[in-house]
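Could you slot chain B onto chain A? The hints should help.
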Amino acid sequence: MLALQILIDGFAISSLYALGAIGFTLIFGVSGVLNLSHGALMVVAAVIAWWVGGLLGPGTGSVYVGAAAGVAAALVCALATYRLIASPIQKSPSIPREEKEIFVLTGTLLWGIMLQEAIAYLFTNNPKTVRPLVEGVVMILGVRTPHNEILTAVLSWALIGLLWLLVNRTRMGKSLLAASMNPRGLTLLGFELSNIYLAVWAIYGILAGIAGVLLGAFLGVSSDNAGTLTASAFSIVVLGGLGSVSGSLVAAYVVGYLETLTAYLISPSIRTVPVLLLLVVVVYLRPQGLLGRR
Amino acid sequence: MRKAYLAALLGSVFGLAFTTVSAEAADPIKIATIAETSAISGIGIPNAAKMAAEEINAAGGVNGRKIEIVAYDDHNSAADAVRAFQRAAQQDKVSAVIASYISEVVLALEPWAGRLKMPMITPGAASNEITKRVREDYDHMKYVFHGYLASTQIADAVCESAKKLLVGDLHMKTAVVMSEDAAWTLPLDEEYLKCLPKIGIKVLDHIRLSPDTTDFTPIFNKIEGSKPDVIITGISHVGVQPTVQWQQQQVPIPMFGVSSQATNATFWKDTNGATDGVIFNMVSAPDVAVTPKTIPFAENYKKKYGALPGYAAYTAYDDVYMWAEAFRKAGGTDPDKVVAAMEQTDHIGTIGRIVFLPKGDTFAHGMRIGDGYITGLMVQWQKGNPVTVWPDKVAKGKMAFPSFIKLPQ
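Taken in sequence, the protein lines are chains A and B. In case it helps, the numbering used here puts the first sequence at residues 392 to 685. In case it helps, the numbering used here puts the second sequence at residues 50 to 458.
If we strip away everything but chain A, and leave its shape as in the complex, we get (with noise of 0.2 Å):
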């Protein structure tokens, strides 16, 4: 009984993990962004979510519409990003070349903190929960389980198999696998390298919304949780090897049930812990991460 507990919530939450991360490590991989701002991307899009469908009222159609433009406010920060923070910076002819990641990093922030700040002063830093999709609950083997947590789950199954598609099956995605590799090379093909940055950042807000989106209605969401939320992406990522899908997803189910098997059989106030010690771990031994290149 525990046991199917543990599987079934640390499945849903593992899921959810793997989509927010997954977009993280897809803008590292191609653009070499370190995007710090990530979690209060995500807070913006569950916050405008709870926003925009309590302005609409108590129907149906509001969740959908609240959901939208919450993962709409997303894509927009994402790209304000790019154009206002990460694109300047790589190009700035003043900042030396070996510097520039490091410019990025604080940039990105500082970003973050601004965005997160602003949310806190418009909406209050009072958690807010955007209404989840479907109400109501199932039993799963005499497991108790909201509908809304298995949506999160599927969707976000969905979401990661779709993008997979678009990455290997799409003129697109070889570009965009093709930029990772080796971007000066695709610039001699006539690519034009700025566009498929773009792509790529309005992929990732997407995700990084959408994900918000399911968060703020699986957990809620508060304008605190913005540096959590971009530490716990950036230590999946770390923990997966930066840049590698495949090791994003492996590391957030690592996370996500190392999480819930602490947080039901040790104490829920350290749940987060042991995740911590093998990051330190990993670092030490395996610094390319669990199934890095390099």
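Check the hints yourself; a few may be wrong.
[Said to hold, decoys possible] Pairwise CB distance ranges, derived in the manner of DEER restraints: (1) B:397 x A:669: 29 to 39 Å; (2) B:108 x A:538: 38 to 48 Å; (3) B:248 x A:394: 30 to 40 Å; (4) B:348 x A:669: 54 to 64 Å.
Think of the hints as simulated: they come from the structure by calculation, not from any bench. The C-beta atom is built at its ideal place from N, Cα and C for all residues, glycine as well.
Structure of chain B alone, referenced to chain A:
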């Protein structure tokens, strides 16, 4: 300057006729508020304080001087709060402080109130430590007043109401205590574990959760495993998330006790109505005339700020009136005289009749609790509205629970 001072002095002696004139001329008396303004419980403190100051000034001010509120945002950080406190005392020259609803922050400020001889009151923190320090080191700590119930007193109020509502009306016999790990819940839990068995409720389990918990599923599953009749809560830093997850997972056990976020008018909206059925402790509610001042305050607050006040707003409003009265009695802002005057307070505020306990009491400079003073209420969220369900003489309705709750037969 000297003339204005003289006029102020005359004003206080001869009454209103002079005060209205001299209020224009004299320097205002400044009162600081220190609170996290991006939190709903926090923003109520400067908002309500400004309302009280405007009313006092419209009626002529204090000793011919106006009251001015200087608001500081502490971002819920003890370090920021201490800096704000120092600045308020040394640079902005305030004469009293109304500080925070977070026990950790108030406990950090308390020694500074002693060092800088700055009269201070908290409108919302609950830790027993606040008054314990006043009792143990009165000469240094006498500048601190506790304008909210101490945790032990809150636990007693919850038990008192549970005797009637849970044991009497619903025939409950068992409970699990679920509290967040914070300074204010240490004495709260201690008293819960003592007073619940006394009223006939056996405590099956005692869970302390981390205030940054986001996923409450394992906690609720663990609680359900021990099959209690009720969950007795002690939560303040968390609120929206456990409430929403309780409803989404359809945990069939009612929640009863302290849930500070539930005292905010926006809680229904923040939880999308998941709070339906949650019962929580409050000192005043917008639907109950605890005193003749309660409802007019709540209505004016809503008119001015667009939402009903949170719990610390009621007390912050009363606090400004009490400081003003203390300045009046002390004939100025000398801290020792103000403290002496504040100790004589007998004020009918929005939360009841406020009298501070003497220096030898367990809760020195805390509020007197009981019939005729502050009693506390139990309020339940029902279909979008907070409805007072206890005590009987002011109750506006009966308890009602959502359909997924299973009550003992």
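TODO: Against the structure, test the hints numbered earlier, and report the numbers of the ones violated in rising order.
DONE: The structure conflicts with hints 1, 2, although it agrees with all the remaining ones.
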